[in-house]
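Engineer: Take a look at the letters that make up each chain.
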Amino acid sequence: AQSVAQPEDQVNVAEGNPLTVKCTYSVSGNPYLFWYVQYPNRGLQFLLKYITGDNLVKGSYGFEAEFNKSQTSFHLKKPSALVSDSALYFCAVFSGSARQLTFGSGTQLTVLP
Amino acid sequence: ETGVTQSPTHLIKTRGQQVTLRCSSQSGHNTVSWYQQALGQGPQFIFQYYREEENGRGNFPPRFSGLQFPNYSSELNVNALELDDSALYLCASSLGGTTPYNEQFFGPGTRLTVL
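In the order they appear, the protein sequences are chains A and B. The first sequence stops at residue 478 when you use the working numbering, and every number in between is there. The second sequence stops at residue 137 when you use the working numbering, and every number in between is there.
Among the clues, some could well be false.
Stated by the list, open to error - Pulled from the structure, derived: some chain B residues nowhere near chain A, Cβ distances all over 10 Å:
| id | residue |
| --- | --- |
| 1 | R37 |
| 2 | R44 |
| 3 | Q70 |
| 4 | R73 |
| 5 | E75 |
| 6 | N77 |
| 7 | R85 |
| 8 | L89 |
| 9 | L105 |
To be verified - Covered stretches of chain A, going by a simulated chain B footprint (3 or more residues, C-beta under 8 Å):
| id | region |
| --- | --- |
| 10 | 408 to 417 |
| 11 | 466 to 477 |
Unchecked claim - Calculated lysine to aspartate or glutamate pairs in the EDC-like style (CA-CA distance at most 16 Å, straight line):
| id | chain 1 | residue 1 | chain 2 | residue 2 |
| --- | --- | --- | --- | --- |
| 12 | A | K387 | A | E431 |
| 13 | A | K442 | A | E431 |
| 14 | A | K414 | A | E429 |
| 15 | A | K442 | A | E380 |
| 16 | A | K414 | B | E125 |
| 17 | A | K423 | B | E125 |
Note that these hints are calculated values from the structure, not bench results. C-beta: ideal position from N, C-alpha, C; glycine also.
Could you put the whole structure together from the sequences, leaning on the hints where they help?
Structural biologist: Below you can see the structure in the form of structure tokens.
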């Protein structure tokens, strides 16, 4: 069965500093990986995805993620955090065999001014 | 182009009742997926509809059922409501059925409270 782990419930970072939100996954077959962001009282918004190709994936709002097959990780990064980046971030993996998207438990990112 | 919409926004039911949630997919999308997001947790896949047929199902009991209509809008029905069914129910639309190549676009969700 596929699974996603987000080991940090909460990440705090100062505005202007780089941020990293961690994600590890387990899936049989090729991994298809996603990051979504959720603002209060709103649905999830797609940030980026890894399907194949370059291990560094660039997405919306200046976010990027690095796929590491040997460490089964897909960490979300941003070089310079903004207060407006404060939100709940979800990593997800798609399993072709299970035919579904499986989400992690989420990481609350707080960017401090 | 309109995004994914869901109705109602909030709903309060009592244990044992039945509920119907509705979702209108984004223009041009033929696939709708439903998720349950309990407080403090990530969304859990309930099922997916593609061209009016159920196209995959997560680990939810049969009292969770759905429909997709010819215009690709969808309903989620839950019978015999239990307290643990209290959650945010998210609908997501996409193109092409079960594929990782087309991202899912989420609606704002319906907050269901079961008393």
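Engineer: Look at each hint and say if it fits the structure.
Structural biologist: Each hint, compared with the structure:
Its beta-carbon lying about 25 Å from the closest one in chain A, R37 (chain B) satisfies the requirement of being farther than 10 Å from that chain. No Cβ of chain A comes within 10 Å of the Cβ of R44 (chain B); the nearest lies about 15 Å off, and the non-interface call holds. For Q70 (chain B), the condition that its CB be more than 10 Å from all CB atoms of chain A is violated, with the nearest at approximately 7 Å. No Cβ of chain A approaches the Cβ of R73 (chain B) within 10 Å, the least distance being about 15 Å, so the stated non-interface status holds.
Residue placement check: E75 (chain B) keeps its beta carbon more than 10 Å from all beta carbons of chain A (closest about 13 Å). The non-interface label for N77 (chain B) is inconsistent with chain A: the shortest C-beta to C-beta separation is roughly 7 Å, within 10 Å. Residue placement check: R85 (chain B) keeps its beta carbon more than 10 Å from all beta carbons of chain A (closest about 19 Å). Chain A leaves L89 (chain B) outside its interface by the beta-carbon criterion, the shortest separation being 19 Å against a cut-off of 10 Å.
With a least CB separation of 21 Å from chain A, L105 (chain B) remains clear of the 10 Å interface cut-off, as annotated. Evaluation of the coverage hint for the region 408 to 417 of chain A: fulfilled, as 6 residues show C-beta separations to chain B shorter than 8 Å, against a requirement of three. Look at the region 466 to 477 of chain A against chain B: 6 of its residues bring a Cβ nearer than 8 Å to a Cβ of that chain, three or more, so the hint holds. In summary, the hint linking K387 (chain A) to E431 (chain A) is supported, as the alpha carbons are separated by about 10 Å, within the 16 Å threshold.
A hinted pair counts as satisfied when its Cα atoms are at most 16 Å apart, and K442 (chain A) with E431 (chain A) qualifies at roughly 8 Å. Only pairs whose Cα atoms come within 16 Å are accepted, and K414 (chain A) paired with E429 (chain A) is accepted, the gap being roughly 9 Å. Distance check on the hinted pair: K442 (chain A) and E380 (chain A) sit about 14 Å apart at the alpha-carbon level, within 16 Å; holds. Of the supplied pair hints, the one linking K414 (chain A) and E125 (chain B) holds, its CA atoms being roughly 8 Å apart against a limit of 16 Å.
A C-alpha spacing of about 15 Å is found between K423 (chain A) and E125 (chain B), which places the hinted pair at or below 16 Å, so the restraint holds.
The earlier numbered hints that this structure contradicts are 3 and 6.
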